[in-house]
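Chemist: Spelled out, the chains give:
Protein chains: 4
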Amino acid sequence: MSESGGFTTMAGGRAEREAPHVGVGMLGYAFMGKAHSNAYKKIPYMMYPPPAVPDLTAICGRNEEAVAEAARRYGYKRYYTDWEQMLTDDEVEVFDNGAPNSAHMVPTIAAAQAGKHIFCEKPLGRSPEESKAMLDAAEKAGVKHMVGFNYRFLPAIRLARELIEKGKLGRVYHYRATYLQEWVLPHYHTPMTWRLEKDVAGCGALGDLGTHLIDLGRFLVGEIETVGAMTRIFTDQRPTADGSMAPVEIDDAFVATVGFANGAIGTLEATRFAAGRKNHEIVEVNGEHGSIVFDLERLNELKVYWVGQEPKETQGFADVMVSEPFHPWWSNWWPQGHMIGWEHGFIHELTHFLDCVVNDNPVGPYGATFEDGYRADCVSAAILDSARTKRHIDVTY
Amino acid sequence: MSESGGFTTMAGGRAEREAPHVGVGMLGYAFMGKAHSNAYKKIPYMMYPPPAVPDLTAICGRNEEAVAEAARRYGYKRYYTDWEQMLTDDEVEVFDNGAPNSAHMVPTIAAAQAGKHIFCEKPLGRSPEESKAMLDAAEKAGVKHMVGFNYRFLPAIRLARELIEKGKLGRVYHYRATYLQEWVLPHYHTPMTWRLEKDVAGCGALGDLGTHLIDLGRFLVGEIETVGAMTRIFTDQRPTADGSMAPVEIDDAFVATVGFANGAIGTLEATRFAAGRKNHEIVEVNGEHGSIVFDLERLNELKVYWVGQEPKETQGFADVMVSEPFHPWWSNWWPQGHMIGWEHGFIHELTHFLDCVVNDNPVGPYGATFEDGYRADCVSAAILDSARTKRHIDVTY
Amino acid sequence: MSESGGFTTMAGGRAEREAPHVGVGMLGYAFMGKAHSNAYKKIPYMMYPPPAVPDLTAICGRNEEAVAEAARRYGYKRYYTDWEQMLTDDEVEVFDNGAPNSAHMVPTIAAAQAGKHIFCEKPLGRSPEESKAMLDAAEKAGVKHMVGFNYRFLPAIRLARELIEKGKLGRVYHYRATYLQEWVLPHYHTPMTWRLEKDVAGCGALGDLGTHLIDLGRFLVGEIETVGAMTRIFTDQRPTADGSMAPVEIDDAFVATVGFANGAIGTLEATRFAAGRKNHEIVEVNGEHGSIVFDLERLNELKVYWVGQEPKETQGFADVMVSEPFHPWWSNWWPQGHMIGWEHGFIHELTHFLDCVVNDNPVGPYGATFEDGYRADCVSAAILDSARTKRHIDVTY
Amino acid sequence: MSESGGFTTMAGGRAEREAPHVGVGMLGYAFMGKAHSNAYKKIPYMMYPPPAVPDLTAICGRNEEAVAEAARRYGYKRYYTDWEQMLTDDEVEVFDNGAPNSAHMVPTIAAAQAGKHIFCEKPLGRSPEESKAMLDAAEKAGVKHMVGFNYRFLPAIRLARELIEKGKLGRVYHYRATYLQEWVLPHYHTPMTWRLEKDVAGCGALGDLGTHLIDLGRFLVGEIETVGAMTRIFTDQRPTADGSMAPVEIDDAFVATVGFANGAIGTLEATRFAAGRKNHEIVEVNGEHGSIVFDLERLNELKVYWVGQEPKETQGFADVMVSEPFHPWWSNWWPQGHMIGWEHGFIHELTHFLDCVVNDNPVGPYGATFEDGYRADCVSAAILDSARTKRHIDVTY
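Chains as they are written, first to last, in this note's numbering: chain Y, 1 to 397; chain G, 398 to 794; chain L, 795 to 1191; chain Z, 1192 to 1588.
Next up, chain Y with everything else stripped away, as it sits in the complex (with noise of 0.2 angstroms):
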């Protein structure tokens, strides 16, 4: 062995090999910080060689003691309780939105206009004026922006998106999508929390989970025209920490028809209520020449069904184990049949936007642009409209 060419090799040489490094200014850090952070910490060496190596700059947050816990944790180089200052962070290159709702539009305006590429959880804004103001401002500003549909990512759905793009599904007639989960707010007298507060959360199970459903509709089948809907809430109030009841002004669920532009017709449906549902998305695509089946819970696989199929005493649904070295992303993974999660669903995706910023590639269409965070929040205010006046509502983009 050759100690001084082992050490020496990863201290100082071979920089013709070395992808470039990329800032990474990281906004929250609890579900979706750690979830992305674990992200950029894998992609350097398992999707290798990768396209960009993200530096952990910095990370931000409220609460200082939470914040420099998660630097340490995550190994951010340092943290800042200000993203205002984080923005001014010249080594911060990517501004990684991963705050609530409520925090989303003005950091990532201010960071757009301050020359970073941005990279935005979803919902992208608590309106589709929201999110426009965010498209126009990243646009002005030359800067790459995405929003974290991640399940675009996901190997199954990558595929489902491939096999209706190359058209072997045929004309699409039908799209159906649930997310179902269950909280404990159905079954206790659970109190008052911010997420069912309109100014902080901004929406409910049709904002958390029901974009996904319109997100991946758009991405899988293509436009939606018009929308019909209702919306449930189903305990009206709850009690607060001081024992005075607060009125709950927030979908707990959401019950849709939707018309597509290629003629399609759809249903999506998400709620919090549904007792034993976990983590229940539910995809399905039916077409001319086949069916696409996909279940959130058992990512890894994807049914699918081609009319004609031979021989045909032994057509059925498949049972696809999308895990072979040709599906999406697999090569950088495991031998067929060793799963992968939910969480490598971000992994890729971060490796797309770093491979955006430093090749200049464009974000879309694989991955969602503030485009496609602005028209999937225009769907959801038609739906939140529809409920409301009680009419079938064209969707304006």
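Calculated directly from the structure, the hints in this document are not laboratory data. As the structure is a computational prediction, the values presented were derived from the model and not from experiment. One or more hints might be untrue.
[Unchecked claim] DEER-style ranges, computed between Cβ atoms: (1) Phe1517(Z) with Met245(Y): 27 to 37 angstroms; (2) Phe1517(Z) with Glu923(L): 51 to 61 angstroms; (3) Val900(L) with Pro1438(Z): 47 to 57 angstroms; (4) Phe1120(L) with Gly564(G): 40 to 50 angstroms; (5) Arg459(G) with Phe1120(L): 22 to 32 angstroms; (6) Gln634(G) with Phe1222(Z): 28 to 38 angstroms; (7) Ala261(Y) with Pro497(G): 48 to 58 angstroms; (8) Ala103(Y) with Pro636(G): 51 to 61 angstroms; (9) Pro708(G) with Gly142(Y): 56 to 66 angstroms; (10) Pro1041(L) with Glu1388(Z): 32 to 42 angstroms; (11) Gln113(Y) with Glu1209(Z): 34 to 44 angstroms; (12) Phe1222(Z) with Ala103(Y): 41 to 51 angstroms; (13) Gly1102(L) with Phe1517(Z): 20 to 30 angstroms; (14) Glu1282(Z) with Lys166(Y): 49 to 59 angstroms.
Glycine is no exception: its CB is placed at the ideal position from the N, C-alpha and C atoms.
Keeping the supplied structure of chain Y fixed, place chains G, L and Z upon it in accordance with the hints.
Modeler: Just chains G, L and Z now, kept in the frame of chain Y:
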């Protein structure tokens, strides 16, 4: 052995133990005629001891050769090619209407006026007006009336109803129902058929499949108050026998959102354009204390989740094999896990009807009366109205 | 309508189109008696046109009250309490032996000697010696003989056989078969029953359940050459009615490895001590070009994988709904996806037997002959021998 | 924000809160090297706070270019091409042996003699003799030793173990385990590879896959006392690079029956010839009070049945999503239903080992020690012995 004993017993004896006989007159000898005839023939020895022994008195159809063949095949004593004549047959006590939708109303009303008890296939009428006329006629005549929502009589569905009725699910939040089939229609330049003609069929996927979802929603959750819907005719012209093109006027598919009187919301969808879906009816109910899922293609099973089930480490949806002696109707069948089929629903259903006829028991709430048939048709009409007017429609009954 | 026509047709006419009638004498009126009687009653109108019309001539059992009731229930013309007398009944042409295992050999041999065609439930004998005697007697008498391996007559199993027979799987490497049930035996201090008595039952899980696995292995893969096995009696004493303890002498469970003549290897397992497993028979075959999996509790389905299936991105086990008109026997039943049940296997099986009887067709290779029953018993005996001697045993036929 | 605070914290401070560091020397950089390296890199921030921080001190492999690349990729400080040299590296405290089976024994014994704690991949040795030597060396040196039976560290398997250990299943009757894969071997005239050479691989499907089943049997049910087995080499000659044919000497597949010391019986089977089976490891345990089923391809799920579960009408196998905060290791991961993957088992496993190293905790019974590795090899040897001698073999330890 006792030859005389054996034989005598069969031929003559023990009248006191014999169930009453009821003469059945069957209209139609195709799909439903076959399913009903099979049920009548099995009731005497499988639903043992039966509440009544159905006598296969007569069968009626327009094509004499075919109806004569059906009579011979199933063992009907005689046949008719004119249903009006069959209604004059005094041995016919129950009129079973398994004819196409366009032949539901007139014969059924005539049967009521002739004092026959009536079992009619679904959808009851081609419109609420037709159904209402049938209901009124039957009520006026004081005869028993039942509409063929056979899925109420599958053990798993009946179990679901009993659990909900006893309050085991608590408040119901969601009803989610799809009925997907794959016809040859999407795949080829399939010619026009009577099933796509508005006058004969009266309705498409909505009437054929969707009414099952509507009825199960009413059976399991409660009255439907409001609907919002879209429909599609994916192929709006089809070639006829003479080579010209005929317009398709009935729905290939529909999607709907529904609001129940008790506050629950739901989605309904039916289509004949779902590649690979053979007879895919899925019904899910989510309530305060649990959830229930039914799949028609695995009709002996029910998935059930109970909130608070101990031990919590192993909580999950139970795959219930609805095949124990204490499950609905199972003591009549086989040991646990020895599955029954789709046709068995008709056996339970017609046994119930015969019991109502001979013992003057009420058909509802477990059986579907003409009132239920009418109400399902009101919801169907509201769905079509919503699709046309692009507004939510409050169902009027 | 033609009253006379209708009636006349039924009562007298068209002898030229009528199938021949075959008189059936049934021994046993419990589980198998019920399943067989149901099959005979359905054949004439569901396997239409039937190869023969079975006449329910006589049924025999030791308890006169019970057998009289069974005769009345199923419509047998007469009953006997002595099978020897039934065998003198000239109208009995087919002797159907659905009695307990201890009553298989003697009545069956006598029936052969009386010139009756014989259908006997499985396992054929309580030992290869018993089965051989039955086979010899039937062969000598020149009567048709069949043993009740009913799962051969489920559409999915027949489809599997046809695929393998045509070489679609290529060389077969593996056979994997389990039959798990849950009796009350493990859970409570269940008293001794005749099912656990060696003289009456003759065998335990091996004979009751394991013989199905052996027969399906022979049916699908080929002759079994060698076995290695272990058995267990988990509770070796049980209380009797008089309070004393009786030894349990037959197996609660067995596990075995098998070597096939064609080089394939396999595992067999059956138990009555598998909590939660209702009627869990799973059979899997892996070959050079594909794999097949069958699950008795979802008997309308077959999972099939083809090596080399295109497109490779969507290769996977297909969930085949074996319910198309081109699937075995399905043209007799319902539209696709309208599932049939466990009892339907008997209908197909006895139809085949009646066809063999009236048209002098061979029972094998699709039906199981007494030769097959004998060979299954030889494998069972080798399994018990292996468990006792702790050596692999070459099966001798 | 506090630039100094943020940066200082990361670079220097708070030693009192820092976990101890442990230097790791990794042998091998292929499949297992990748899986282990990934685990070491994730432990510090995902198993937070970690019991120890693994320093990636050195990695070793024979091909300098490849090992240098691996070192760069995963961030090892240096590399070696000679494991003996690596063992002289004082910063290496843990020796992680992820080399091929033929390189397990000698380096491991040397590592023990050098005072390194040792983690070695499975199977521990190519024979019980090899494993025993490794065990003895480690015991004599007083170092921590662990063998890579990683499936013990999947949450669902650990939950199963805890349930059984607490007596929730009562007496165990059955263990049923299969591990099926599909290699290209059966499908083509695949050339000879080192994986099929006895000297290098030491074993085939039995060693590679079967040892997992043996270990899980011992982990869940208890010691294995007796085995009976058959093995197969389906293709006994394969072409080599020079065009000649080489004999294949190791098993393509094995099937076995096993008897446990506690009276339970089981079946084991592993193969590389199961078309369509990607990584199909299924483990089922049936006990007096319940049953448990695990499927590696759906590793976040566990099917559990409890005898006596109320209400009895809805008893059934529960599909448990093992993803709640109270499930093993889940508090370190994501919200319920946000699934983890195959690689996560290694993270839990190596965290456990690091904890044992720095806190002097015992590796067993939850981790597999070299004693467990040795005992698994004893069972493997007995299986081969049984296949050769055609007798049941009592395992000697």
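Chemist: None of the hints should be skipped; say for each whether it holds.
Modeler: Status of the hints after comparison with the structure:
1. The given range of 27 to 37 angstroms is respected by Phe1517(Z) and Met245(Y), whose C-beta atoms sit roughly 31 angstroms from each other.
2. At roughly 59 angstroms, the beta-carbon separation of Phe1517(Z) and Glu923(L) lies within the given 51 to 61 angstroms, and the hint holds.
3. Our hint of 47 to 57 angstroms for Val900(L) and Pro1438(Z) holds, since their Cβ atoms are close to 55 angstroms apart.
4. In this structure, Phe1120(L) and Gly564(G) meet the distance hint of 40 to 50 angstroms, their C-beta atoms being roughly 47 angstroms apart.
5. Judged by the Cβ atoms, the range 22 to 32 angstroms given for Arg459(G) and Phe1120(L) holds: they are separated by roughly 30 angstroms.
6. Taking 28 to 38 angstroms as the suggested C-beta distance range, the pair Gln634(G) and Phe1222(Z) does not conform, at roughly 58 angstroms.
7. The hinted window of 48 to 58 angstroms between Ala261(Y) and Pro497(G) is violated, with their beta carbons roughly 37 angstroms apart.
8. Checked against the given bound of 51 to 61 angstroms, the beta carbons of Ala103(Y) and Pro636(G), roughly 60 angstroms apart, stay inside it.
9. The hint said 56 to 66 angstroms for the Cβ distance between Pro708(G) and Gly142(Y), and at roughly 57 angstroms that hint holds.
10. Restraint check, Pro1041(L) to Glu1388(Z): a C-beta distance of roughly 53 angstroms breaks the suggested window 32 to 42 angstroms.
11. A hinted range of 34 to 44 angstroms for the beta carbons of Gln113(Y) and Glu1209(Z) is consistent with their spacing of about 39 angstroms.
12. Checked against the given bound of 41 to 51 angstroms, the beta carbons of Phe1222(Z) and Ala103(Y), roughly 43 angstroms apart, stay inside it.
13. Here the CB-CB span from Gly1102(L) to Phe1517(Z) is close to 46 angstroms, at odds with the stated 20 to 30 angstroms.
14. The beta-carbon spacing between Glu1282(Z) and Lys166(Y), approximately 53 angstroms, falls within the hinted interval of 49 to 59 angstroms.
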